[in-house]
Amino acid sequence: MDFLNAIVALANFVVVPAIAYGSQLALGALGVTLIYGILRFSNFAHGDTMAFGTMMTILVTWWMQSVGISLGPLPTALLALPFGILATMALVLTTDRLVYRFYREQKAKPVILVIVSMGVMFILNGLVRFIIGPNDQRFQDGERFIISARDFKAMTGLKEGLAIKTTQGLTVVTAIIVVVLLFWFLNRTRTGKSMRAYSDNEDLALLSGINPERVVMYTWLIVAALATIAGTLYGLDKSFKPFTYFQLLLPIFASAIVGGLGSPIGAIAGGFIIAFSEVTITYAWKKVARYLLPEQWEPDSLVQLLSTDYKFAVSFVILLIVLLFRPTGLFKGKSA
Amino acid sequence: MNDTLKNIALFGVVAVLIAITGFTQSWNAALLIVNLGLISSIMAIGVNLQWGFAGLFNVGIMGFVALGGLGAVLVSMPPTTEAWAAGGGGVVLGLLLGAATVIGAIMVMKRMQPGRIRTVTLLAVLIVGFYIFRSVFDPAVLAVEKVNPAVTGYLGGAGLNILVAWPVGGLLAAGVAWLIGKTALGLRSDYLAIATLGIAEIIIAVLKNEDWLSRGVKNVIGIPRPLPYEIDLQKDAGFVETAAGFGFDPVMASTLYVKIGYGALFLTVLLIVLLLAQLALKSPWGRMMRAIRDNEVAAEAMGKDVTRRHLQVFVIGSAVCGIAGAMMTTLDGQLTPGTYQPLRFTFLIWVMVIVGGSGNNFGAVLGGMLIWFLWVQVEPMGLFIMQVITSGMAEDNALRIHLINSAAHMRLLTMGVILLMVLRFSPRGLIPEK
Chain A
1 MDFLNAIVAL
11 ANFVVVPAIA
21 YGSQLALGAL
31 GVTLIYGILR
41 FSNFAHGDTM
51 AFGTMMTILV
61 TWWMQSVGIS
71 LGPLPTALLA
81 LPFGILATMA
91 LVLTTDRLVY
101 RFYREQKAKP
111 VILVIVSMGV
121 MFILNGLVRF
131 IIGPNDQRFQ
141 DGERFIISAR
151 DFKAMTGLKE
161 GLAIKTTQGL
171 TVVTAIIVVV
181 LLFWFLNRTR
191 TGKSMRAYSD
201 NEDLALLSGI
211 NPERVVMYTW
221 LIVAALATIA
231 GTLYGLDKSF
241 KPFTYFQLLL
251 PIFASAIVGG
261 LGSPIGAIAG
271 GFIIAFSEVT
281 ITYAWKKVAR
291 YLLPEQWEPD
301 SLVQLLSTDY
311 KFAVSFVILL
321 IVLLFRPTGL
331 FKGKSA
Chain B
1 MNDTLKNIAL
11 FGVVAVLIAI
21 TGFTQSWNAA
31 LLIVNLGLIS
41 SIMAIGVNLQ
51 WGFAGLFNVG
61 IMGFVALGGL
71 GAVLVSMPPT
81 TEAWAAGGGG
91 VVLGLLLGAA
101 TVIGAIMVMK
111 RMQPGRIRTV
121 TLLAVLIVGF
131 YIFRSVFDPA
141 VLAVEKVNPA
151 VTGYLGGAGL
161 NILVAWPVGG
171 LLAAGVAWLI
181 GKTALGLRSD
191 YLAIATLGIA
201 EIIIAVLKNE
211 DWLSRGVKNV
221 IGIPRPLPYE
231 IDLQKDAGFV
241 ETAAGFGFDP
251 VMASTLYVKI
261 GYGALFLTVL
271 LIVLLLAQLA
281 LKSPWGRMMR
291 AIRDNEVAAE
301 AMGKDVTRRH
311 LQVFVIGSAV
321 CGIAGAMMTT
331 LDGQLTPGTY
341 QPLRFTFLIW
351 VMVIVGGSGN
361 NFGAVLGGML
371 IWFLWVQVEP
381 MGLFIMQVIT
391 SGMAEDNALR
401 IHLINSAAHM
411 RLLTMGVILL
421 MVLRFSPRGL
431 IPEK
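Line by line, the protein sequences give chains A and B. For the first sequence, the positions run 1 to 336 when the numbering used here is used. For the second sequence, the positions run 1 to 434 when the numbering used here is used.
Think of the hints as simulated: they come from the structure by calculation, not from any bench. Honestly, I wouldn't trust all of these hints.
Stated by the list, open to error - Distance condition first, Cα-Cα at most 20 Å in a straight line; then the derived DMTMM-like pairs of lysine to aspartate or glutamate: (1) A:Lys165 x A:Asp141; (2) A:Lys107 x B:Asp236; (3) A:Lys311 x B:Glu210; (4) A:Lys107 x B:Asp294; (5) A:Lys286 x B:Asp294; (6) A:Lys109 x B:Asp294; (7) A:Lys109 x B:Glu379; (8) A:Lys311 x B:Glu433; (9) A:Lys109 x B:Glu210.
A quick note: this is a predicted structure, and the numbers were derived from the prediction, not measured.
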């Protein structure tokens, strides 16, 4: 029984990737949950907003790389990120002014807003593919590993190596910073409190003199920032391909709903739950089982509960179970 | 001008557009647009039943269309006798065991008192059932897939006539829709949308991975068709003579004949579906459904079981989509799970329903034909416009090359813009609900 090797293998193939993926999902789900809580509709265009933000960041990163600006061991994309965020903010404010405001003033049914967001999704999808093309784009540079598998094995003398990529560490650190900032904003500043009030009870908030258009504007600004950061981190960690961002919509919505739509803490918890479930259920446990079980019980097969092709199915099944047994989600978000 | 005249004029416009395509490009292209447009119209009617009658936002149409295609395979492909002998029994037994586990779990949930004992029993049933299911199912599946994987490697179908497959595809889709509706229909509209989107993804994932059922990504080719093959027509002396009499060469005549034949079949199905949908609309059942849609609270107060009615409409609408899916697979002659993409099916059909007029069956048909025509034609038109715009630039100008290559993506943009314009300025669509 080789506990140390088993733990390292587990950390390398399950825990570290799941934490990184969970942080990315959590940031995406935060955006979705804020829009649901304050603007009261499910934004199907969120995945493509992330794609747009990442695309603008990539374009600025390429320009920076071409004129020789770099950030040393960290990816240059971090420097380009503020520009991407600004561009996305402009985009979402424009779409709100052109598209969503009309339906808000009409007090249209939420389902109509969802269909409208589908239209915006089409447009953003076409726009991103038009500008940058539908193919894979790589834009990371800088140091690749914080600690590579070889170095780890040399340091500890174990058979299993633990590799932590720079992008994974960056994701976790950025996610923590963003979440802390967001919660400080929502809880301590006056604007944040007015947003929460508007989300809880619209009529009472209006009676207190809160300006709804301001609240909506701040919501879109924050959502744009969250979407761009989430998208860029995902693109740095894996790679940028417009179609993938559309596919991410399902796990992101699953995370937001599992945690409770409208509740920021729920979005974060949901993100990690979905990420860990996806990775754990589709991981081939044979290696870890070999380290932990005595020789006679060693498994022949891969001990993989579901094949990796069913990854999205896992997040969906969890979503369905939560919706059936606890529709308001884990942290009691809005249900109506 | 009165309504009927306006509607006829709208259909006339679409007919003229298609005729223009026939004259300027080719009749084959125009007929292809007509055939796929007819299929899309049937899907639009199915969606319209769910949205227009009951206000259900089903974003999982792709899954039901794929199930219809699977039905076509399961009915019309010849059975692979070796595979059945090797593992067929095991596969069926495994599926039954899996179903028994699920039913057992549901019964435990319903019959026992809530509490710790119930949770433990539930987990025990699920875990034990899962292991038994896998231990029977996996070796059988492996045996089936080993049989001649390059050509078959799956269980095959029932070997019946392909036209039987169309209603069977609809039944298959209806069955799955019933299961899904039972679980997901109590949810709010936003949640239902996401749930149905996820279910469609799962159905496609199953089709792509379960090789024993549908050959997965190896695709099923050579699906039988109700009309003769073009090659056989070209070899038939009688046909060649008749074609020459009309002034067509054999190749052209055979392709046109097959396409017109399909068009006639699809048109028949469309007219039957349309007739049934109109009868349903005008009937007391249809009026009740729309009353439930407009004021659910009042309907529940009057004692209507809203969820059960929604389930009825959900199943019927999905069955119609399944029939259209079977027809489409017949037209393609092959089942390719990789082509079922959410953008192509689900959202495009929704654009058709909304632009055509939600709640109106003729609107759905008009939307189907018009949007499909635009979807196909926007690409060459966009290319043409791009070439005109960039004609002033040098041949190898990077911007020019990029713009011309990206003209294909104008499709998505155009669809989005059309959807938004219609929702903003004419939300009831071209042919509104009466």
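Against the structure, the hints:
Under the criterion of a C-alpha separation no larger than 20 Å, the hint pairing A:Lys165 with A:Asp141 is consistent with the structure, at around 12 Å. This hinted pair does not check out: A:Lys107 and B:Asp236 have alpha carbons roughly 65 Å apart, beyond 20 Å. Distance restraint check for A:Lys311 and B:Glu210: the Cα-Cα separation of roughly 15 Å lies within the 20 Å cut-off, and the hinted pair is therefore satisfied. Of the supplied pair hints, the one linking A:Lys107 and B:Asp294 holds, its CA atoms being roughly 16 Å apart against a limit of 20 Å.
About 55 Å separates the Cα atoms of A:Lys286 and B:Asp294, which puts this hinted pair outside 20 Å; it is violated. Between A:Lys109 and B:Asp294, the direct Cα distance comes to roughly 12 Å. Compliance with the 20 Å bound is thereby established for this hinted pair. Our distance criterion of 20 Å between C-alpha atoms is broken by A:Lys109 and B:Glu379, whose separation comes to about 34 Å. Note on A:Lys311 and B:Glu433: the hinted pairing is violated, with a Cα-Cα distance of about 41 Å set against a maximum of 20 Å.
Taken as a hint, the A:Lys109 and B:Glu210 pair is broken in the structure, with Cα atoms around 40 Å apart against an allowance of 20 Å.
Of the numbered hints stated above, those contradicted by the structure are hints 2, 5, 7, 8, 9, listed in ascending order.
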